[in-house]
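Number of protein chains: 2
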Amino acid sequence: MSAADALTQKIRGAIPLSEAMRFTIDHLEPGEIRVSAPLEPNINIHGTGFAGSIYSVAILTGWALCTHILDDAGVDAELVVGGAEISYRAPVTSDLECRCGAADDEREAFLAGVRERGKGRLSLEITVGDLPQARLQATFVAIARD
Amino acid sequence: MSAADALTQKIRGAIPLSEAMRFTIDHLEPGEIRVSAPLEPNINIHGTGFAGSIYSVAILTGWALCTHILDDAGVDAELVVGGAEISYRAPVTSDLECRCGAADDEREAFLAGVRERGKGRLSLEITVGDLPQARLQATFVAIARD
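So the sequences go chain by chain: A and B. If you read the first sequence in the numbering used here, its first letter stands for residue -2, the second for the next number, and so on. If you read the second sequence in the numbering used here, its first letter stands for residue -2, the second for the next number, and so on.
Okay, chain A solo, but in the shape it has when bound (with noise of 0.2 Å):
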């Protein structure tokens, strides 16, 4: 099974709001992530993505790399949501399609800080959309286990 569809397994299993969006990992690397999620679970009053939706499958995203930065370099640390920012542009009329990037300098400040303080945090830009729709800028803090 690929790292994608193990970590979607994962999140399915033990989130149950991200397996009513039908939430899917597409593409997973520690510079990246793509995620989607059918249109129709996620729908609003209007019939187009609803704004919880888009947050939910959004951080997730950002939720998702961070995690698989963790584990790709061996470090245990249990992560959390600090603080989001959202800005919603245009309806999503479509599937829902996020995408996410943390350049290598980013990802190392953010292991380093797990290994030698205990606490490492990884602010994040996500896009929902090709335009994008809507953007949501959010901040991860990961805290080493003992």
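A few of these clues could be false.
Because identical chains share one entry, a pair is satisfied inside a single copy or across any pair of copies.
Said to hold, decoys possible - Taking lysine to any residue and the SDA-like style, the derived pairs with C-alpha atoms no more than 20 Å apart in a straight line are: (1) K7 <-> A70; (2) K116 <-> A87; (3) K116 <-> L76; (4) K116 <-> R86; (5) K116 <-> G10; (6) K116 <-> G80; (7) K7 <-> G44; (8) K116 <-> R19; (9) K7 <-> E37; (10) K116 <-> S84; (11) K7 <-> I40; (12) K7 <-> R19; (13) K116 <-> D143; (14) K7 <-> T45; (15) K7 <-> S91; (16) K116 <-> M(-2); (17) K116 <-> R31; (18) K116 <-> I140; (19) K7 <-> H43; (20) K7 <-> G71.
None of these hints come from the bench; they were simulated from the model.
Go by the hints and put chain B onto chain A.
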């Protein structure tokens, strides 16, 4: 049926994710709303409240209050989320409970915008839990229907 029950039913029927989260409006008047959702369908990988569920229940709390303000005033408008910022302070370990209020002058300015210029904005703070465990600042935009 109470206004709270009617709006809960309308939201649950139109937004599949709100049904999956078991979103329920407990109290509804133009100046104040209280909402709840059980923890179990909204857990994350740590068994506490999932960041996406917390955001989604909170944003629907604000959306429902704005909808009720418009309905109560007999104003027909399309309501969308412009943007939002959320901070997470502590894990949510029991049912999700959201609260939000809007003062008389804020509601009047929102309604006046829609009536006089075709567009009104309302910025709301929604709290989650008693601490509160999370705090969402969100801006809603109502656009008058022809």
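Structure-based check of all given hints:
1. K7 <-> A70: Result: close within a single copy only, 18 Å intra versus 47 Å inter.
2. K116 <-> A87: between (36 Å within a copy, 16 Å between copies)
3. K116 <-> L76: Within. Shortest intra-copy distance 10 Å satisfies the 20 Å Cα cut-off; inter-copy 40 Å does not.
4. K116 <-> R86: Answer is between; shortest inter-copy Cα gap is 16 Å, intra-copy 34 Å.
5. K116 <-> G10: Neither, since 27 Å and 43 Å both go past 20 Å.
6. K116 <-> G80: The answer is within: 16 Å in one copy meets 20 Å, while 29 Å across copies does not.
7. K7 <-> G44: between (29 Å within a copy, 14 Å between copies)
8. K116 <-> R19: Answer is neither: 31 Å inside a copy and 35 Å across each miss the 20 Å cutoff.
9. K7 <-> E37: Only across copies: K7 and E37 sit 17 Å apart there, 23 Å inside one copy, limit 20 Å.
10. K116 <-> S84: between (28 Å within a copy, 18 Å between copies)
11. K7 <-> I40: Close across copies (14 Å), not inside one copy (24 Å); limit 20 Å.
12. K7 <-> R19: Close inside one copy (13 Å), not across copies (23 Å); limit 20 Å.
13. K116 <-> D143: within (12 Å within a copy, 54 Å between copies)
14. K7 <-> T45: between (28 Å within a copy, 16 Å between copies)
15. K7 <-> S91: Classified as neither: same-chain Cα gap 26 Å, cross-chain 23 Å, threshold 20 Å.
16. K116 <-> M(-2): neither (31 Å within a copy, 51 Å between copies)
17. K116 <-> R31: neither (26 Å within a copy, 36 Å between copies)
18. K116 <-> I140: within (5 Å within a copy, 45 Å between copies)
19. K7 <-> H43: Between copies, since 12 Å is at most 20 Å while 32 Å is not.
20. K7 <-> G71: Cα proximity of K7 and G71: one copy only (17 Å, versus 47 Å across).
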